[in-house]
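Going down the list, the sequences are from chains A and B. Using our numbering, the first residue of the first sequence is number 1, and each one after it goes up by one. Using our numbering, the first residue of the second sequence is number 1001, and each one after it goes up by one.
Take the hints with a grain of salt, since some may be wrong.
Stretch by stretch, here's where chain B covers chain A in the computed footprint (C-beta under 8 angstroms, at least three residues) [stated by the list, open to error]: (1) 20-28; (2) 38-45; (3) 86-96; (4) 192-206.
Hints were generated in silico from the structure; no laboratory data involved. Just so it is clear, CB atoms sit at the ideal spot from N, CA and C, and this is done for glycine as well.
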Amino acid sequence: MTAGFLLLAFALNAQDAKTIMAKVDQNMASKNRVFESTMIVHGKRASRTMTARSYSVGEQKSFTEYLSPVREQGTKMLKVGNQLWIYSPSTDRTILISGQMLRQSVMGSDLSYEDMMEDSKLTEKYAAVNTGTEEIDGRKCFVLELTAIVTDVNYFKRKSWIDTERFVPLKEELYAKSGQLLKRTTLSGVKQTQGRWFPTIILYKDMLKAGDGTEFQMTSIQFDQVIPDYIFSKAALKK
Amino acid sequence: MIKFLFLGILRDKSRSLLPIIVVSVGVFLTVVMIGWMNGIFGDIVDINANFTTGHVKVMTRSYADNESQLPNDLALMDVNNLTDTLRREYPDMTWVQRIRFGGLIDVPDAKGETRCQGQAIGTALDLFHPASGEVKRMNIQKALKKGRIPLHPGEALVSDEFATRYHVAVGDSFTYFGSTMNGSMAFKTFIVSGTVRFGTSIMDRGAMIIDLSDARLALDMDDAAGEILGFLPENLYDDGLAKNVEASFNAKHSNPKNEFSPEMFRLSELNSMGQYIAIADNMSFIMVFIFVLAMSVVLWNTGLLGGLRRYNEYGLRLALGEEKKHIYRSSLIEAVLIGILGSVLGTVLGLIVVYSLQVHPLDVSGMTGKVTMLMPQTYRAIVSPSLFYIGFLPGLAAMVLGNALAGRAIYKRKTAELFKELEV
């Protein structure tokens, strides 16, 4: 029994980082996803709660419509490639956001527009090294150190704590090329949906910003749906 | 005796001309330099006070720590009540609320989509109530290049540079996109009522000026403002007075344990203005010190030359029985008279030049295009009461000091050797 456990532990430790990442990608990445979310921004003075419905196809296309509160209701965001359009119902204007502006905070949260739209396979963008195991909230995790192998990444380095059984990240630290820690995310509420494990609650903390972080809850999520093309058109913004 | 010496000075040009020229040139340079420096530093202080710092400024402690980021999420709340308190407790001062904000100016095409956009640094002030004095304080009327100052809600002034670059005309609309005080997205469409050019790149790069009421609507800042600016009576900055106001306000209203409690800062603590004020305050002393030192050396030398030239005269006077101390005293009185003449001449000439530089300032706008701090576009001098005596006294002192040093040679003369020296 003990020998078997040791053998299993050795086998887990021996899993190469690439295999772990591939298993994480199987859970986290998808052809497309449709989800409703609640975002709670814990500011210095008060907390704000927003709800939204989002559609996304990989990292290239996404569409989000804010459902509440009243001030944000009807605000829509469309991302196609490196461009983001924001529609404001109060002014009936569609504003283009691109370049550096995509790194700005969304609705005063700890997420940037780029964070919001991240849905790519880690194996395609990072090389990883398995540095061992640690325990997070009672769950054993692989600790992976990822370094970008392509230039178009939001974060040059990442340190991920991957659940050894469910292969979802439970914690991540995101670093700039200079080595500065930019963001820390804590993932929880892991649920099995459509045959994959997925964390439904993510606490983002922008380490360069005051406040207690932003809680991002996915209240419902569906993967690999049929999403009509018009959703990702500018015409959909004004509908 | 004074009349006798005075006539001597006037009639014997070789005795007085060079010292008078030296003293008057020194006094002239001192008056012009001090007048000009006072004018330039005064303008720098005024511009910074009017545009960003006030003579004192009230912000929350957190806002003050991150002021360069224009963090309106840390702005003052219940600001009307606080402004009323300031007006009640410091009735001689003028208090105004300001909101500064960043964001994007987005200009639409015919379909309402982005045609062009640029970064905006906005300032919201009380434009709709003339009693606030903000239009005059910000010199907006003079900075106006096209159109007019906003009269109605939803109107804005944009920088002439931005308008020219993106072909935005008066009457066109644009959308401001930024963040509200609570971090939500802020969208508000404005009509361009006019374009402004302040001549300072920091203001002209992406300036947007709107009324406070519009900013409050766009940024969700009802009864809130980033800053309250206070201006001392007669709009004259007095660091001592500002320090007293600051100390009394902070003792009464500021709580170091609460990051959102208001805290007052005086101009000399903001925008590195303390260094400028210190330089301005010390400039007169530095100039006078240099002047007295340099002129004394020159006039000492002149006095020595004069002493050599009048060697025979002094010898004759000693031979005739005049006391050494009498000769020394009369040479000092001569120095006083020459010093007065030179100083008056230098002061008058200096004041004429200072006044002309006050009326016709030197335009340096071409040299300050890329300067990122608030600097005046013209360097003007200013005629102040101190200029009437600031050069006069050192001019007199330098002349007397120079002659006093040179005149010591009189005491080295020996009566027994006079006839030999005079070759009588």
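Status of each hint after checking the structure:
no. : hint    : verdict
1   : 20-28   : violated (count 0)
2   : 38-45   : holds (count 4)
3   : 86-96   : holds (count 9)
4   : 192-206 : violated (count 0)
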